[in-house]
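Novice: Sequence:
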Amino acid sequence: MAQAKAAVWKTSNNAYACILAYYTYSRLYMNKNDIVDILEDIAVLLELKGENPFKIRAYSGGARALEAMEENLGEVIAEDRLGSLKGIGSALVDKIQTLYATGELAYYTKLRDSIAPGLIEMLEIPGLGGKKVKKLHDALGVESVDALQKVCELGKVAALKGFGAKSQEKILIGIANRANYAKRHLWWKAHDIARPILEGLRALPEVDRAEIAGSLRRLKETVGDLDFIVASAEPEKIMEWFTEQDTIQEVTARGATKSSIRFESGLQADLRVVPSEQFAFALHHFTGSKEHNVAMRQRALAQGFSLSEWGLKEVSTQELVVGASSEEELFSLLGLPEIPPELREGMGELELNAMPELISSDQIRGVFHNHTTASDGHASIEEMAQAAADLNFDYLGLADHSKASFQANGLDEARVFRQIDEIFRFNESDQSSIHVFSGIECDILSDGSLDLEDSTLEALDYAVMSVHSSFSQSQEEMTKRVIRAIEHPATTMLGHPTGRILLRREPYQIDLEKVIDAAIANRVIIEINANPSRLDMDWRLWRRAAEKGLMCAINPDAHNTEGLSYFEAGVNIARKGGVPKEQILNCRDCAAVAKWFKDRS
DNA sequence: GCCGTTTTCGGCCCGACTGTTTTCAGTCG
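Just so you know, we're using my numbering here: the first sequence kicks off at 3 and counts up by one.
Derived from the structure by calculation, the hints contain no laboratory data. Take these hints with a grain of salt, some might be off.
[Said to hold, decoys possible] Just the calculated beta-carbon pair ranges, DEER-fashion:
id	residue 1	residue 2	range
1	GLY143	ASP449	57 to 63 angstroms
2	LEU156	GLU246	45 to 51 angstroms
3	SER86	ASN35	39 to 45 angstroms
[Claimed, not checked] Straight line, CA to CA, 27 angstroms or less: simulated DSS-like cross-link-like pairs of lysine-lysine:
id	residue 1	residue 2
4	LYS185	LYS172
5	LYS88	LYS51
6	LYS88	LYS57
7	LYS597	LYS550
Source: prediction; values computed, not measured. Every residue gets a Cβ at the ideal spot worked out from N, C-alpha and C, and that includes glycine.
Put together the whole structure using the sequences plus the hints.
Specialist: Written as structure tokens, this is what we have:
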């Protein structure tokens with residue numbers, strides 16, 4: 003349901019008008035994902051209409067069936083095979099074909115027009131579903147969140163049959179916290195909250211096993227909520243411990259085997275306690291992703307089994323197959339090698355012949371692209387080097403800003419040479435337990451030229467080139483600009499290639515396919531900027547880019563000593579992208595790195 | 001609205017939890 007709500011939000015009002023105009027005037031066929039969104043919208047709208055729940059389910063089921071279909075939609079329609087998909091009957095065939103061919107659907111337009119947009123927004127309030135929203139609308143004439151707040155404050159909701167004082171209070175709290183609750187959270191911050199809870203759970207004597215599931219376990223860059231899965235024969239005591247954590251703002255559900263809590267940041271956490279024999283299945287199910295689970299269930303069905311969080315059943319007899327004590331065994335029951343959680347995104351991981359070897363943090367020998375007090379950092383060369391040594395690194399790269407980044411106290415030519423000198427003296431001194439490479443984070447100016455003289459860049463060990471200005475250029479201009487910088491002989495690495503700030507700033511327009519090809523052709527490294535708010539370049543692009551030969555560097559972009567530890571977030575992304583260690587510069591020793599800087603091999 | 005079929009319509013995934021009601025409806029995942 004959460005997904006259906008999101009879909010409505012996505013295609014509501016103006017957005018839908020844009021999609022419609024796009025397909026109406028472009029003579030393009032509507033793509034599969036837009037049709038899936040519309041089917042999900044219809045399901046939500048029907049819910050608000052108080053329609054037959056099975057009809058509603060038929061629409062969301064149809065959306066899922068369409069989404070899971072791997073073949074080309076145009077071909078399937080042309081060959082008249084749409085109706086043979088399970089979950090898509092004659093009515094949906096008609097609607098999907100109409101949408102595909104015209105981009106429009108009168109049934110949908112009429113349905114949308116009959117429902118106040120405010121009602122869809124009301125579904126975002128926890129505890130309110132289609133039926134309750136309909137009741138609030140029918141009984142009290144409520145058509146917006148604002149109106150709902152007013153009737154709650156007047157006590158009218160509590161007087162409604164089926165509601166009560168508690169429901170009214172919950173709605174008011176839900177309205178007040180709506181922005182927070184809808185938020186996603188950076189993996190790094192969510193992990194900080196989750197780790198002590200997981201450790202606490204594991205320390206309880208009643209707990210056999212405990213894991214964190216969901217997108218946190220899959221190492222997604224942002225996380226919606228936390229899912230803890232625990233194996234135990236005594237759920238009561240675990241529930242008690244979980245719901246009495248002092249970091250909790252609110253307990254939103256507390257049952258015998260399932261509880262939900264909310265932290266001050268708005269982050270929600272669910273805990274499920276299952277018997278030990280179900281643990282592997284529950285952990286796998288709640289780790290997801292949804293797409294991965296769909297693919298797994300399809301594979302099971304093809305072998306005569308039905309897979310769920312409870313276990314693996316024989317379809318013909320409905321009897322449980324022999325259990326699995328681990329996820330590895332679960333995968334093996336379906337003839338698969340164990341797929342690491344971070345690869346479970348429904349992106350063809352079931353079809354991989356061999357699982358890629360994923361790197362680990364202890365293979366990282368050092369990091370590049372970090373700042374000192376010379377520009378906008380908060381620690382000196384010595385302090386940063388000591389912090390790097392404390393992390394057991396063999397080397398540290400320092401890359402302060404160049405002069406165009408005036409706001410960051412960027413270095414001009416003279417200051418660059420002074421810093422090179424300081425780093426040289428540091429490396430020669432007794433206090434250096436690790437080697438410091440002298441680098442720069444040089445601005446790529448708006449025309450693609452570089453912010454420092456060639457002779458200055460050549461005096462450095464390496465140079466990271468980054469865009470820090472003119473973000474609103476067209477995709478064509480930006481792509482050309484960045485590729486020009488990549489083609490400069492002094493360029494060692496490209497910094498944060500899209501400039502995105504997660505949950506805050508969209509990436510700038512850039513054709514990364516072309517950028518990747520140019521980087522490969524020029525032996526230029528693209529970084530994984532490991533700042534938890536960036537994680538740029540995105541993991542979704544890495545598998546294919548690495549297969550084509552792109553080199554990677556994991557760069558914490560640290561502005562203080564603590565920031566060096568962000569490299570762990572970059573390791574997560576390299577794992578998720580399946581980048582092999584041979585193509586990660588940080589996995590090489592100091593001499594090999596120096597060699598790469600010299601001749602790029 | 002889909003499916004399967006005893007072909008013309010009945011059943012549809014389901015368990016956990018909350019709140020309101022006192023046996024159940026609605027929400028959530």
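Novice: Look at each hint and say if it fits the structure.
Specialist: Hints versus structure:
Here the CB-CB span from GLY143 to ASP449 is close to 59 angstroms, well matched to the stated 57 to 63 angstroms. Between LEU156 and GLU246 the beta carbon distance is about 35 angstroms. The supplied range of 45 to 51 angstroms is therefore violated. Checked against the hint of 39 to 45 angstroms, the pair SER86 and ASN35 fails, with Cβ atoms roughly 21 angstroms apart. Under the criterion of a C-alpha separation no larger than 27 angstroms, the hint pairing LYS185 with LYS172 is consistent with the structure, at around 19 angstroms.
For the hint linking LYS88 to LYS51, the alpha-carbon distance of about 26 angstroms falls within 27 angstroms, and the restraint holds. For a cut-off of 27 angstroms, the pair hint linking LYS88 to LYS57 stands: about 15 angstroms separates their Cα positions. A distance of roughly 22 angstroms separates the Cα atoms of LYS597 and LYS550; the hinted pair therefore holds under the 27 angstroms criterion.
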